[in-house]
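2 protein chains.
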Amino acid sequence: MIASSGPVPPRSGPPADPPAGPAPAPAHGTLSLVGIGPGAGDHVTPAALAAIGEAEVVVGYTTYIKLVRHLIAGKEVIRTGMTEEIGRARAAVERARAGSKVVLVSSGDAGVYGMAGLVFEVLRDLGWRRGDSPALRLIPGITALSSCGSLVGAPLGHDFCAISLSDLLTPWPVIARRIEAAAAADFVIGLYNPASGRRTRQIVEAQATIRRHRDGTTPVALVKSAYRKLQHAVITDLDHLLDYEIGMLTTVLVGSSQSFVFEGYLVTPRGYGHKYTAAGQVKDGQRPGHSLVLGDAALPHATLSDAMLPDAASPDTLLADAMLADVTLPDAMLPDAGSSDAPLSESAVPEVV
Amino acid sequence: MIASSGPVPPRSGPPADPPAGPAPAPAHGTLSLVGIGPGAGDHVTPAALAAIGEAEVVVGYTTYIKLVRHLIAGKEVIRTGMTEEIGRARAAVERARAGSKVVLVSSGDAGVYGMAGLVFEVLRDLGWRRGDSPALRLIPGITALSSCGSLVGAPLGHDFCAISLSDLLTPWPVIARRIEAAAAADFVIGLYNPASGRRTRQIVEAQATIRRHRDGTTPVALVKSAYRKLQHAVITDLDHLLDYEIGMLTTVLVGSSQSFVFEGYLVTPRGYGHKYTAAGQVKDGQRPGHSLVLGDAALPHATLSDAMLPDAASPDTLLADAMLADVTLPDAMLPDAGSSDAPLSESAVPEVV
Chain A
1 MIASSGPVPP RSGPPADPPA GPAPAPAHGT LSLVGIGPGA GDHVTPAALA
51 AIGEAEVVVG YTTYIKLVRH LIAGKEVIRT GMTEEIGRAR AAVERARAGS
101 KVVLVSSGDA GVYGMAGLVF EVLRDLGWRR GDSPALRLIP GITALSSCGS
151 LVGAPLGHDF CAISLSDLLT PWPVIARRIE AAAAADFVIG LYNPASGRRT
201 RQIVEAQATI RRHRDGTTPV ALVKSAYRKL QHAVITDLDH LLDYEIGMLT
251 TVLVGSSQSF VFEGYLVTPR GYGHKYTAAG QVKDGQRPGH SLVLGDAALP
301 HATLSDAMLP DAASPDTLLA DAMLADVTLP DAMLPDAGSS DAPLSESAVP
351 EVV
Chain B
1 MIASSGPVPP RSGPPADPPA GPAPAPAHGT LSLVGIGPGA GDHVTPAALA
51 AIGEAEVVVG YTTYIKLVRH LIAGKEVIRT GMTEEIGRAR AAVERARAGS
101 KVVLVSSGDA GVYGMAGLVF EVLRDLGWRR GDSPALRLIP GITALSSCGS
151 LVGAPLGHDF CAISLSDLLT PWPVIARRIE AAAAADFVIG LYNPASGRRT
201 RQIVEAQATI RRHRDGTTPV ALVKSAYRKL QHAVITDLDH LLDYEIGMLT
251 TVLVGSSQSF VFEGYLVTPR GYGHKYTAAG QVKDGQRPGH SLVLGDAALP
301 HATLSDAMLP DAASPDTLLA DAMLADVTLP DAMLPDAGSS DAPLSESAVP
351 EVV
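Protein chains in written order, with the working numbering: chain A, 1 to 353; chain B, 1 to 353.
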């Protein structure tokens, strides 16, 4: 980067020797990678709005540009079609490198399947270094999983995976392996890009794969255009999800074995029911702030969802068959002899669960 | 729910017969479950701010209450310690059911390992029905994965899992199985609750499990207190992550086999390099808007990360060993005879990748 040494004096008469010192540097531009969340004004952060407000150039896919059109009057707008991600990333980088304040908008969070990764690849290809123009700013946004989740309940209350079913850029076997793994390990599964006009096979295969590991009554939410005009959310189950229209704008949320539907909401419990009664009392043998105590693996199992009922089984029966079928319970997980008689310490420093 | 019929007249003299009709109904309250993201004002959405502004009662864990203290002057605040999630959820529900406008704040997104799921469990226990008091509002927020990701680059550029290492409420074998599955299927892995003063074994086991499936040079980001005063972000790798301080406030982001570090940023590519050159040209044999074309499985494999180099291997060598070791390539994925001579159609409706 060339340091600036002030303006070049105007020329008059025959050309003088070039002024001493380096030529003025081009302006140092900025490139902000901004996630606008679901696109509704209510769910765009102040940081995202500020970046868009300060921008001279706004780059984005046509639909996302439309979502922020009220913010971009007077700015230069570079809008592109959907296949033109690389062109879009390059245009944003080039304009910012040349000195403009550029914002590249993505829906959701720019870092999640968004344009951020591609921008880094373009910068790497151009030999960009930290300190060069443009300066980078990454502004987080609300992901599609969170937006869609908030419309149907609390599906993401426990461990979850995000998998894109688009095999335009990723080998299908890689995707299939991920679906299999997520299903086998009982993750809540969020499926991005589940289908399109041309691609319908992948959601069928995904459903079949997950179905091999999970009951057909496992709740599934299908959410389209969250927080936008054509928003549509449906709660169905694994056996019936293919009966519904699933397209490019749909996010599919498949519950885990623990998820349940309550009053039309899809909920994945965090596991409080394993340790506490619904009233908040600690169950026999359990200790707040300590690892969940599991019983002897030889005792009859009960499904974890039973644990929330007032007459729930004791901790000894809190083992779910499906989860432990191929796991040997380590000695450390067996209750200590006599521990149920030890005073439960409430003064221990609690931790975030 | 009892319909309201107006105020009860004051009594005088001997008690009169009860007035005809039902007694006045209690006010219909609202319970808003609000994610405040990382807690910095810049990253709290207008919807979240509006809900907090309208609230009469704000309930939350002490730390999160502090993050919004500038918004809650004059409001009743119910703050609790960390072990008291059930109490907090019940307090919020009870006050809202009784007619107050209540906000229950969570950090990040309230639906992701947050309080939302627990609130539904409490409502279910109380026999709540849609239409009863309180009305529910779920307001999405920026997850810790997104906040932390934005501080280190674009780690979530492709399929990822979120796994909580806290076994306070979840049997460790369930968690261990999920780590194994995520590692084997090459997900980017976000670890929540990686460790605490008392719990240090789980992150050690997680690292060992992932290490069995992924190179020791796999990039890993450790981010603490994103967008807060004591923010600290480190990029290291799988072999060295245990050298760093990891506690309750740390989010661990483990890259996939495709993730790379560039100028101090951790990036997980979306896969554009499989189909396009860095300049955006379509590679031989590939077609925009169509499934990625893979070569004959019998040809030598190359790692996918080679694909982004200017002299990258042809699509025929885009198969990664680790991913296809146990997958038979379906006939549909083999290139059609003669397809490389067919015109590439640019007019097809593109889809979101």
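No wet-lab data here; the hints were simulated from the structure. Please note: incorrect hints may appear among the correct ones.
Unchecked claim - Using C-beta positions, here's what the derived DEER-type ranges look like:
#	chain 1	residue 1	chain 2	residue 2	range
1	A	His28	B	Pro46	29 to 39 Å
2	A	Thr200	B	Arg79	45 to 55 Å
3	B	Leu126	A	Arg129	33 to 43 Å
4	B	Arg211	A	Asp239	34 to 44 Å
5	A	Asp243	B	Gly197	28 to 38 Å
6	A	Gly87	B	Glu263	43 to 53 Å
To be verified - Part of the chain B face toward chain A, derived, beta carbon under 10 Å:
#	residue
7	Gly35
8	Gly37
9	Gly41
10	Val77
11	Ile78
12	Asp159
13	Leu169
14	Tyr192
15	Val204
16	Thr236
17	Asp237
18	Tyr244
19	Tyr276
20	Ser291
What the hints assert, rightly or not - To be clear about the criterion: a stretch of chain A counts as covered by chain B if any three or more of its residues have a C-beta under 8 Å from a C-beta of chain B, and this derived list gives those stretches:
#	region
21	70-78
22	108-121
23	209-220
24	229-242
25	273-284
Treat the numbers as computed from the prediction; the structure is a model and nothing was measured. Every residue gets a Cβ at the ideal spot worked out from N, C-alpha and C, and that includes glycine.
Mind listing which of the numbered hints don't hold for this structure, in increasing order?
-> Hint check: 3, 5, 6, 10, 11, 15, 16, 17, 18, 21, 23 and 24 fail, others pass.
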